[in-house]
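**Student:** Residue numbers (the numbering used here), protein chains in the order written: chain A, 1 to 95; chain B, 1 to 493.
Below, simulated SDA-like cross-link-like pairs (lysine to any residue); rule was C-alpha separation at most 20 angstroms, straight line:
1. K308/B <-> P51/A
2. K362/B <-> H93/B
3. K362/B <-> E30/A
4. K10/A <-> A354/B
If you are wondering where the hints come from, they were derived from the structure by calculation, not from laboratory data. If you're wondering where the values come from, they're calculated on a predicted model, not measured in any experiment.
Each chain, written out:
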Amino acid sequence: MSVDSATVRKIASLARIAVSDAEAEAMAPELSKILGLVEQLGEVDTRGVAPLAAVIPNHLRLRDDVVTDGDIRDRVLANAPQAEHGFFAVPKVIE
Amino acid sequence: MSDLTELTVAQLRDGFRAGKFSARETADQFIKAVEAGRALNAFIVETPEHAIAAAESADRERASGQVGPLSGIPLGIKDLFCTQGYQTTAASHILEGFTPTYESTVTAKLFAAGAGMLGKLNMDQFAMGSSNETSAFGNVISPWRRKDGGNTPLAPGGSSGGSSAAIAARLVPAATGTDTGGSIRQPAAFTGIAGIKPTYGRCSRWGIVAFASSLDQAGPMARDVRDCALLLEVMSGFDPKDATSLDAPVPNWEASLSSKLAGKRVGIPKEYRVDGMPGEIEALWQQGIAWMKDAGAEIVDVSLPHTKYALPAYYIIAPAEASSNLARYDGVRYGRRDLPEGAGLQDMYAATRAAGFGAEVKRRIMIGTYVLSAGYYDAYYTQAQKVRALIARDFQQAWEHCDLLLTPTAPSAAFALGEKQADPIAMYLNDVFTVPASLAGLPAMSVPAGLDGQGLPLGLQIIGQPLDEQAVLNAGSAIEERAGFVARPEKWW
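With the hints as constraints, model all of the structure from the sequences given.
**Tutor:** See below:
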């Protein structure tokens, strides 16, 4: 499977990464090469094999339904590029 | 005062407890070494004040007769571990300036045990790389040089290349690393030090910047096996804050360390004999087999038939998980934001991520996004998870015939910086021997075992059964004892 630059632009858009046409052009053969490497998995007979979900058997635990943190608003906002009035601030979403 | 940077962690600990030197003297000497070693670019941030505060606290505690397991020990911390009050970047511009308001579980355990921090160690960006060339803060340079009279800068391995270089150059006595597909073991092999990736779930992932969550594991890197054992004891343990943390007791690995392997069966997987592997590595492997026999182990030939599919499966699973994990870098909650004039929210995301992530990180996010996208998910991701099940099954079947596996750690010695950068696949092939154990969640370690013709270190890898770190460490100890590896880089920095 090889990808063209239109596909690269589509993937980049899904991944929310801005790419110029020149970058998309340059990435297409790189990604195709990596997809070429992974494609050999198609030759493995996996009929009847369940996909591996956990490498070491473990179980999901339940904890008591109690508050374990909170009251740390300022710490949560401390690294925000822009925080106003106790909130994360972003550019206007609705025009 | 003797040169304390020559001592191992165990020697520093014991000498401190015996009153031969103070923790402050140890910290001061390593702080000087860190400053003198800046040409290696091993650190992103130096934190001498942290090391000094921990040392002064250790000295006060010693006076009152109470010392922690790591009192008097200054460590290097890979910049993937969130450290409260100290910038944590994962070597990416997208996190530049990020100062966590919390401490990762592993560093919290190390500091509670008395250790101090000399600084945050450079690495491949988001732990994606095998040479440190993907760091946004410049590549680490290995302290090792080829014995050819030249001074070609060599890769320290990756992703934990700041850790490996700093230990080999004796800027730190030991460091934390993390390993997703070989990021502790390959840099350890490249720099002539020891490093262990424990069973998946031994060390809490809480507070470690996520790359591929089903594979990421923290572990110690140090000059010898004993130091790895004693550090791993402190770093391990159940953590309710990590849903995949193992609720299992942590054994006394250091106290039980033994280089006698009588009764152990060591498997030699025939599929690890790959095309184009240098003869020196094959010879070292044979030497390792002889050492195992000498230590009392029985050698058995085993087969891990799906080995050749481990790398392709890894390069679907790890990027898929990364594309999901790295979705959090959106320019809203932390890290950098790029807001072009008049841009809306979507444009801000795309601009921030385009400017913040390096080329290899983007490449992996794109691959991950592609293999998880509609129409491709089953063909790529589900198939890779099925192959992963077969790889894990190969190991389970091998354990019916043996207790441990012995392999080379990497298919070559350290390469020159820039040598493999142009071809991502050539770089990925470096992890061909380390990725299978990662996919199966098994404990594995690299120990220095010899030098190649250029005078560069080569490592041997030991892979063990789930939760049997003791057997891995013991086999490592047996190799260490017989290899008598004392080579070290000549100081040029």
